[in-house]
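Fit chain B to the given chain A structure using the hints.
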Amino acid sequence: MTKSSIKIQGFVFKGLTIAASMVIVAMLAVIIGNVVINGYGKLSWEFFTKAPEQGMTAGGIFPAIFGTVALVLLMTIAVVPLGVLTAVYLHEYAKPDSKIARLVRVAVGNLAGVPSIVFGLFGLGFFIHFIGGGIDRVLLSGEVAWGQPAIIWAALTLAVLTLPVVIVSTEEALRGVPKEYREASYALGGTKWQTIRKIVLPYSVPGILTGSILAVSRGAGEVAPIMFTGAAYFLPYLPSKLNDQFMELGYHIFVMSTQSPDVEGTKPILYGTVLVLLVLTFVLNFLAILIRSKIRAAQRRAG
Amino acid sequence: MKVETTKIPECERKKIKPYYRRRGKIKEWLVEKFILLNAFMAIGAIILIFIFVGKEALPVFTSQEVQEEANISEFFLPHRYTPDSSPDFIWQPVSQRPKYSIIPLIVGTLKATFIAMLFAIPLAVAAAVYTSEFAPGRVKEIIKPTIELLAGIPSVVLGFFALIVLASVIQDVFHFTFRLNAINAGIALGLAVIPIVYTVSEDALNAVPRQYREASLALGATTWQTAWSVALPAALPGIFAGIMLGFGRAVGETMIVLMASGNAAIISWNFGESIRTLSATIAAELGEVVFGSPHYHALFFIGALLFIITFIINLSGAVYVERLKAKLTGSRR
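Protein chains in written order, with the numbering used here: chain A, 1079 to 1381; chain B, 59 to 391.
Keep in mind the hints are simulated off the structure, nothing from the lab.
Be aware that one or more of the hints could be misleading.
[To be verified] As a list, the in silico DSBU-like pairs of lysine-lysine whose alpha-carbon atoms are at most 30 Å apart:
(1) K157(B) <-> K113(B)
(2) K1177(A) <-> K85(B)
(3) K157(B) <-> K1270(A)
If we strip away everything but chain A, and leave its shape as in the complex, we get (with noise of 0.2 Å):
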């Protein structure tokens, strides 16, 4: 091969690459302006705090903010306790090549892979028929409480959806706990539980808020989970209680952009919703990832 017919070939390749990049980013650019250009008109105070109107094509669409919020607090509670503790196991107590680490490690690995349409099966089949279901049988006999549709189960079927999220981050920032502040403690006579609680829980706050950040972004996201186990098309009123189904955004689109007699006439509040969710949902992977290279910054500047 001669020199030159390598510099071409090296040429192309190289513009090949630099191209499939520039596609993948202009996809993205035309996704975002569309949605901007067509959604922005219809951002307005009324917009966002009033409930939709005549078919939904007119009004705001507060009760789907207000469903998606409580639904992701609600999800965020149950699920951040509980990957903090497992990363916690996987990081502090576990055994670099203990048996039960791998496994737990092989199913946080295979529950982020799970379908998001099974969670949905699995929600309905184990949150409302056996756990929402055997409430009813035996606290209430029988009376219809529990056992249907509600933002209860919704948010803990998205808690177990997100809890990946929620284990990976946090056992990346137990990684970063400078071992040093863990052997002073135990220098000081720390326990191992005073020493996790009172200097590496403290130290890794950062990267749990990633982490919790990054699963609410994921949560409100998602869409098929919750289709059967506590959302609504249209409710004419708020959820005040657990047991009450809700309106969430991602849905809300969903609906709207499927079942609507007049697509025409929705398309305006449609576009507005979508612009709300995208934003939404972007801002808070733009704050976990600012945490996030904060705090590698930080680690690097601690050597």
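Chain B in isolation, oriented as in the chain A frame:
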């Protein structure tokens, strides 16, 4: 010499120390066990998912009543639905004679996944090669988070985009009979797969030891030759694992295909026709199904099938990654 010592009153020493110690030890023990219990939750979740999805799918094998309509032969084998028609595969659970062939759904899933992978793999791998081998630091700092941002787009938004915008573009270009078809769903699905393949591939390329590249460059190879014949082959198992994970995601992804595929259960090799996937079938039908009916159990059977398929794909992907890491770092398990 007299050494001065602080005197702890006899009574306090007796009272405090043993009390503190005992309490501390029990507490430590309790905390450790409690945390261990928590860690089992992740394993428990996987097992519970398997049990509770499997439990509702089981009547397909055991219940006589359910089997009259929905059974394994109905699912997988061709049936003569009317006396004078030829044997056929049809999914039509709500009709005079319910038809439960899941073959059209499997074909639909494979068609969408095929397009998605065809679209995503070259783009994602090439972009990974660019970021890890060629891109200057600052460009890398921009491209990487941008592609990862793509992973943050909720699938319902991708589905919405495919339904409202992409479908019209594809319609204008290809003039298919159906506006929502396998190509449309596949490309939207590809958008969801790209960040997965990209991230894992990029990690795999970064894990290739620097010495490999240095050796190649020292022998006079150019950067692209090094990338093509040293870095890429070394990272291939990792890239393959990324492709497997992306494949798992594509098979199980629901909202995108539900919104963008047209949802018609047709067996054909024409990618311009509508398709109905396994996941979308569950999402579309579970809401209206009667609890405990054959249709209900058939949908859970599909769910169990999806769970098992993705479980196997992910497990083998994870094993692959672990082996690669062991190989590249030279450690042995």
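* Which numbered hints fail -> Number 3 only.
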